[in-house]
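Colleague: All chains should be modelled from the sequences, with the hints used to inform the complete structure.
Those protein sequences? They're chains E, L, H and D, same order as listed. Residue numbering for the first sequence follows the working numbering, starting at 10 and increasing by one per position. Residue numbering for the second sequence follows the working numbering, starting at 10 and increasing by one per position. Residue numbering for the third sequence follows the working numbering, starting at 4 and increasing by one per position. Residue numbering for the fourth sequence follows the working numbering, starting at 4 and increasing by one per position.
Any given hint could turn out to be false.
With a straight-line cut-off of 20 angstroms between C-alpha atoms, the simulated EDC-like cross-links for lysine to aspartate or glutamate are [as the list claims (entries may be wrong)]: (1) 332/L to 207/D; (2) 185/D to 135/D; (3) 266/E to 135/H; (4) 332/L to 287/E; (5) 332/E to 114/H; (6) 70/D to 13/D; (7) 269/L to 328/D; (8) 70/H to 114/H; (9) 269/E to 135/H; (10) 242/D to 150/D; (11) 70/H to 11/H; (12) 113/D to 234/D; (13) 332/E to 335/H; (14) 269/L to 135/D; (15) 266/L to 139/D; (16) 70/H to 44/H; (17) 266/L to 135/D; (18) 34/H to 328/H; (19) 332/L to 335/D; (20) 70/H to 18/H; (21) 332/L to 328/D; (22) 266/E to 139/H; (23) 269/E to 139/H; (24) 332/E to 287/L; (25) 332/E to 207/H; (26) 184/H to 135/H.
What the hints contain is simulated information worked out from the structure, not anything from laboratory work.
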Amino acid sequence: MDFTYDSEQNDLRDAVAGLLGRAYSDSEQRRRVTAADPGFDEKTWARLAEMGVLGLPFAEEDGGMGAGPIEVAVVAEEIGRVLAPEPFVEAVVLAGGLVAAVGTAAQRAAVLGPLAEGSSVLAAALAEPATRWSASAAGVTATQDGGTWRLSGVKEPVPNGARADVLVVSAVTDGGTALFLVQGDAEGLTRTGYRTHDGGRAANVTLDGTPAELLGDGTADRTADVERAQALARIAYSAEAVGAMDTAITTTAEYLKTRKQFGVTLNRFQALTFRAADMYVSLELARSTALWASMVADAGGDAVAAAVRARLQTSRAGRHVGKEAIQLHGGIGVTAEYSIGHYTSRLTAIDHLLGDGDWAADRLAATVDSYPTVDPLGAPYTG
Amino acid sequence: MDFTYDSEQNDLRDAVAGLLGRAYSDSEQRRRVTAADPGFDEKTWARLAEMGVLGLPFAEEDGGMGAGPIEVAVVAEEIGRVLAPEPFVEAVVLAGGLVAAVGTAAQRAAVLGPLAEGSSVLAAALAEPATRWSASAAGVTATQDGGTWRLSGVKEPVPNGARADVLVVSAVTDGGTALFLVQGDAEGLTRTGYRTHDGGRAANVTLDGTPAELLGDGTADRTADVERAQALARIAYSAEAVGAMDTAITTTAEYLKTRKQFGVTLNRFQALTFRAADMYVSLELARSTALWASMVADAGGDAVAAAVRARLQTSRAGRHVGKEAIQLHGGIGVTAEYSIGHYTSRLTAIDHLLGDGDWAADRLAATVDSYPTVDPLGAPYTG
Amino acid sequence: MRLQLSPEMEAFRDEMRTFFTTQVPQEIRDKIAAHRHLTREQYVQAQQVLNAAGLAVPHWPVEWGGKDWTPLQRHIWREEMQLASVPEPLAFNASMIGPVIAAFGNQEQKERFLAKTADLEIWWCQGFSEPDAGSDLASLRTTAVRDGADWVVNGQKTWTTLGQYADWIFCLVRTDPTAEKKQRGISMLVFPMDTPGVTLRPIELIDGGHEVNEVFFEDVRVPAENLIGEENRGWDYAKFLLGNERVGIARVGATKKLISQAKEHARDVVVGGRPLSEDPRLTARIAELENELLALELTALRVVANSADGKPHPASSVLKLRGSELQQAATELLVDIAGPLSVASFADGGSQVPDWARVAAPQYLNYRKVSIYGGSNEVQRTIIAGTILGL
Amino acid sequence: MRLQLSPEMEAFRDEMRTFFTTQVPQEIRDKIAAHRHLTREQYVQAQQVLNAAGLAVPHWPVEWGGKDWTPLQRHIWREEMQLASVPEPLAFNASMIGPVIAAFGNQEQKERFLAKTADLEIWWCQGFSEPDAGSDLASLRTTAVRDGADWVVNGQKTWTTLGQYADWIFCLVRTDPTAEKKQRGISMLVFPMDTPGVTLRPIELIDGGHEVNEVFFEDVRVPAENLIGEENRGWDYAKFLLGNERVGIARVGATKKLISQAKEHARDVVVGGRPLSEDPRLTARIAELENELLALELTALRVVANSADGKPHPASSVLKLRGSELQQAATELLVDIAGPLSVASFADGGSQVPDWARVAAPQYLNYRKVSIYGGSNEVQRTIIAGTILGL
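Modeller: Structural data, given as structure tokens:
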């Protein structure tokens with residue numbers, strides 16, 4: 010049982026922190042980048058590729074680095090720390106993760122290689138307007154016409170769906186939910202992109218008899234694969250949220266030390282410093298849970314179960330920290346010209362993308378009566 | 010629409026406040042009284058009778074004062090203010106209320122007269138070990154043997170059940186739930202009394218073929234009558250809780266002004282004074298709701314619905330105020346020798362006797378989707 | 004104690020409800036209900052409809068268009084307006100500078116400004132807060148120096164709401180830097196926004212909207228007759244102004260409206276085959292919020308009933324504090340009902356995300372302001388602890 | 004980063020679990036599980052069972068019975084003890100005065116006290132807090148004046164836990180009233196509770212229990228050799244003592260036990276024909292509490308892993324703060340499951356209310372203390388804001 014990074018993990022963190030710190034050293038740079046499509050910086054994306062970050066979790070034979078959930082969490086936390094808009098979790102962990110889990114060797118090489126090199130952006134088209142954080146498809150159907158599969162239906166909101174070169178789309182087949190690869194320039198594909206409140210991009214993806222390539226062999230139900238890929242993305246989002254909360258708290262503490270009211274700096278007001286202390290408590294408890302969840306996934310434990318717990322803790326903490334960070338700043342906290350509000354916005358978006366705190370709590374509640382106590386170092390978490 | 014007491018109500022409040030203020034001017038007096046059975050002061054009980062308080066809500070022809078729920082709330086708030094242990098809500102509002110609602114003219118005269126005069130203490134035996142805040146009986150059955158009814162089963166916890174001269178007992182008959190009068194000296198009646206954590210008394214009441222008098226005419230189901238009597242008691246308890254919270258906050262503020270730490274009085278610590286302010290907010294919102302509920306009952310509106318709302322608000326407020334009052338006091342707050350902890354204890358008991366906040370919230374949740382908005386001055390509250 | 008409204012008040016409430024739901028253009032009310040921003044023209048149109056019926060400035064002196072209503076009538080008027088999604092009369096005109104001029108202005112100023120202020124012919128904005136004077140307003144630095152027949156104003160204001168639409172600004176300026184108490188030595192000046200030397204810089208808010216501005220003054224010459232009331236007494240006027248109509252700040256009607264919308268939308272969101280409106284966790288959450296709001300409304304009614312003397316009841320701070328918390332809780336509820344759809348904030352044509360779900364998150368973020376402006380919740384707690392609990 | 008325990012640690016955990024669940028008298032563990040108070044004899048018996056196996060003072064120096072364990076082993080030892088409802092070694096002996104004497108006492112004192120302290124042959128109590136020195140401990144007033152070979156002690160202590168069972172007391176006394184910094188001029192004396200001039204007054208707590216006492220000193224003569232360490236350095240020893248074993252304060256194991264009991268009892272309470280254990284509101288509440296506790300346990304493990312140097316990790320304050328809140332939440336959960344049965348606090352024979360429901364409310368009220376003693380939550384927030392956030 011060891012909560013400390015090894016030297017390789019520390020090197021990775023320092024490298025990513027250095028790169029992103031230069032790219033987004035002040036929030037104006039981020040505002041500029043997010044103001045224009047695709048909502049992130051292609052150059053920074055390319056540098057992340059050079060660093061190997063975009064292939065981090067994939068096997069070396071698939072063009073990846075063969076790293077695991079812990080390294081993914083290291084990167085995600087640094088992304089969150091500066092609110093880097095590059096879609097690491099969305100494109101690499103979730104979309105790429107689906108291909109890595111389900112794709113044939115040929116597909117993995119064909120799709121993950123370019124993704125890792127930065128020459129192809131992936132997006133996971135799982136969400137549908139009428140469902141909610143579901144691992145199985147309902148509104149998009151796949152039919153085979155001759156040799157080729159064709160998809161029809163609507164996916165929305167699809168993070169970075171308009172920019173993506175390749176979409177990983179879940180659809181209903183006779184066998185249940187299957188996954189497909191759809192090229193960005195495929196016929197019968199209409200993508201309408203828009204800004205999300207946190208400065209990112211999402212899209213309505215409408216498929217109308219759109220040709221698609223079945224991911225993996227056969228059409229056995231892939232719901233469990235999607236569930237697990239979503240879980241790994243939830244764990245990565247938890248780390249991203251921890252990074253964002255960390256900066257939000259540091260920024261708030263710094264503001265309290267420098268902002269003057271009634272002739273003294275705000276850190277002279279105990280009611281404010283105590284609330285900052287409570288924010289720190291929320292952060293540290295969330296950090297422990299997020300780290301643990303990445304270790305569970307790394308150790309081959311039940312990542313789906315651990316992800317639900319990490320999601321619940323980081324959701325509650327993210328709301329607490331996001332609200333208080335603005336309130337302790339006062340008026341400047343609600344302006345787009347100052348950084349802190351963007352942290353609250355991003356924490357709010359993360360909270361709603363793959364299942365929020367209530368969603369997680371309800372899942373835990375369903376099984377809470379089936380065991381006496383939770384042992385983080387025992388089954389099912391240590392596999 | 011008017012939230013102010015009229016002069017008669019003000020006179021009543023002053024009279025009750027004067028009497029109870031003398032009886033319990035410091036918490037040592039209350040400790041002495043509650044240390045010995047019956048857990049309240051028979052002399053004070055007699056003085057309340059002289060004042061007409063014990064017959065307050067009953068019709069004059071039944072030996073009462075013909076007052077209403079507002080006057081009852083006025084008295085209950087003063088009871089709460091000094092934590093007077095006299096069972097006004099339990100004996101008069103609930104037990105007496107059941108007799109007033111269901112009893113025949115003869116029974117009302119026979120039972121309510123002595124209650125109002127203070128010569129007979131009533132107790133409502135509704136609770137059963139295996140049910141929870143239910144208006145209908147389940148564990149006590151009534152059978153007719155010749156001309157007389159006989160009851161068998163267990164009621165617990167029955168507030169003041171050991172001291173009571175007459176018990177109002179709910180029991181199962183073919184017609185549903187019926188109410189019965191049981192004399193304290195009836196055969197086959199075993200009562201085991203004990204102290205409750207708030208200094209009061211409750212009892213296990215075991216009936217074994219105990220002769221009883223059917224309350225009212227016929228054995229039509231009385232569940233609705235019990236429900237309404239419980240609602241009026243909930244409204245009275247809400248007022249009692251408001252009185253208790255009011256004193257708890259005043260006491261806490263006084264302590265913060267006088268207690269010194271680190272060379273200054275505690276009211277110099279903003280983190281503490283802000284929390285006292287939040288306690289005041291909770292109190293005032295609860296007070297408004299409790300006052301309103303008594304007005305609804307007085308106006309012939311849906312007292313059951315209003316009682317649920319008052320219960321929810323006072324339950325949440327009572328927990329908040331009760332916990333913070335002790336915390337802001339520090340160590341002395343958990344001692345029995347100082348008053349504040351007793352307020353938390355009483356608020357906790359009130360919270361659990363007739364349905365707690367979660368119970369109330371669940372009831373409201375069940376109908377929340379059936380109307381667009383709540384209008385406190387409209388149906389069903391204004392009848 | 005009496006629960007029911009008197010027959011007169013019942014009739015008054017029906018009258019208000021009928022007027023607001025039939026006389027104010029539907030298009031404007033729909034836009035408010037959809038939580039979208041009105042155009043300048045729509046603000047003006049709505050207020051002029053109200054003013055034509057004498058419903059824009061009922062709390063003003065009768066001779067200037069007021070109604071001599073009871074506090075309860077004013078409460079009903081405001082709540083019904085909010086429930087009907089009618090935009091309230093511009094606060095800077097109706098609740099702030101208007102009452103100040105009516106109370107402290109000279110006859111010439113009253114005749115010059117009040118009618119146009121009530122009818123929104125003059126759109127006013129507020130020049131109080133400064134970058135280094137937020138909650139600590141009295142430490143403001145903008146100066147006005149007398150030069151012949153003019154005051155010469157230099158400095159900067161911020162958080163000037165809808166300043167981009169304003170014709171005139173009312174401004175707190177320091178006219179006596181030597182006053183030993185900083186509250187003294189402050190005066191109130193009014194002048195047109197197109198006066199030479201006035202420049203405006205929009206501030207983008209976190210929801211992308213443009214509501215507030217910075218206003219810069221460089222040697223702005225203001226004629227002496229534009230001083231409101233007495234020199235160096237501006238602080239008293241500001242306190243009068245900010246204490247005015249404290250009851251409305253609970254915004255119970257507006258929050259009621261948000262909750263009723265949340266209930267509607269919850270029926271349209273299906274999770275695992277069941278509408279969210281049947282989810283026990285959500286209904287319980289709505290029940291708690293609704294009960295808190297009921298308690299707040301009843302407290303507002305108590306305050307109203309006890310503030311007939313016009314002075315703000317000390318419990319007004321409870322209304323502002325809890326009122327802002329409940330507004331925020333209601334907007335958070337809407338985001339959670341929207342769930343993943345809430346990220347589609349700036350979707351337009353080609354999206355299947357309903358409009359209410361698109362605005363939910365930006366509104367939630369925007370509403371973080373309500374516990375900050377108009378006296379932050381920290382200021383309200385200070386008032387409660389100090390003036391009510393004596394701490 | 005590695006999740007699993009090493010095979011050695013797995014074996015160690017099994018060893019502890021087996022010992023605690025088989026070697027400590029069942030009757031004693033049942034009483035702890037039932038949240039009833041142990042007799043003095045039972046405390047002594049339990050600690051002597053542990054001490055005989057070398058499990059009473061593992062954190063002491065090896066020469067005095069310590070184990071030279073890693074922080075993780077100490078953590079496992081403590082958690083398993085709590086999960087098994089084994090009474091922990093008396094804190095005043097094992098965690099407080101013992102380590103102080105081992106670290107700062109002279110050889111004669113070590114030989115005189117340590118073995119008997121480990122075996123609870125001497126029962127120690129603490130004389131730190133005073134009526135006017137609560138969180139502000141350094142302002143204590145009890146004095147010790149040197150008179151020949153003795154110190155003469157006068158003053159009063161309070162919150163002396165289980166003083167009624169104690170043989171000896173360790174006391175902070177002011178030996179140099181002239182020291183300009185009040186933390187200086189404080190020394191630590193130890194003496195028997197039956198020394199002439201020592202009187203004890205029980206303090207009844209809100210749950211009716213007798214846990215704490217006031218202790219009065221009137222011209223109590225204490226031999227000079229009973230001074231621990233150096234004169235006027237008592238404050239350093241007190242800080243050492245209070246910082247010692249900060250990790251244990253999370254009491255995760257104890258709270259886990261409370262929650263697992265709550266789950267059991269919820270199955271026995273039937274509401275409307277359905278066991279409470281199937282009520283979605285209750286299961287959701289338990290799920291949230293359990294997850295908070297998981298997060299706290301993981302944080303404790305992180306602190307443990309990073310405090311190998313022995314110094315208390317700054318995040319220890321997080322453990323005390325959150326740990327006390329979760330203990331209180333668990334006791335509140337039990338009261339709510341008991342519902343109306345919770346009023347039967349002092350029922351005895353002739354009641355059908357189960358024992359767990361009788362103790363629920365008194366325990367809930369008693370546990371309000373855990374956020375107050377051992378450094379109140381306000382003190383912990385001050386530490387976090389100051390030493391961690393630099394505010």
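Colleague: A separate judgement is required for each hint: does it hold in the structure or not?
Modeller: Here's how the hints hold up against the structure:
no.	hint	result
1	332/L to 207/D	19 angstroms, holds
2	185/D to 135/D	14 angstroms, holds
3	266/E to 135/H	15 angstroms, holds
4	332/L to 287/E	18 angstroms, holds
5	332/E to 114/H	46 angstroms, violated
6	70/D to 13/D	18 angstroms, holds
7	269/L to 328/D	25 angstroms, violated
8	70/H to 114/H	18 angstroms, holds
9	269/E to 135/H	8 angstroms, holds
10	242/D to 150/D	28 angstroms, violated
11	70/H to 11/H	15 angstroms, holds
12	113/D to 234/D	18 angstroms, holds
13	332/E to 335/H	11 angstroms, holds
14	269/L to 135/D	8 angstroms, holds
15	266/L to 139/D	17 angstroms, holds
16	70/H to 44/H	26 angstroms, violated
17	266/L to 135/D	15 angstroms, holds
18	34/H to 328/H	24 angstroms, violated
19	332/L to 335/D	11 angstroms, holds
20	70/H to 18/H	15 angstroms, holds
21	332/L to 328/D	11 angstroms, holds
22	266/E to 139/H	17 angstroms, holds
23	269/E to 139/H	9 angstroms, holds
24	332/E to 287/L	18 angstroms, holds
25	332/E to 207/H	19 angstroms, holds
26	184/H to 135/H	18 angstroms, holds
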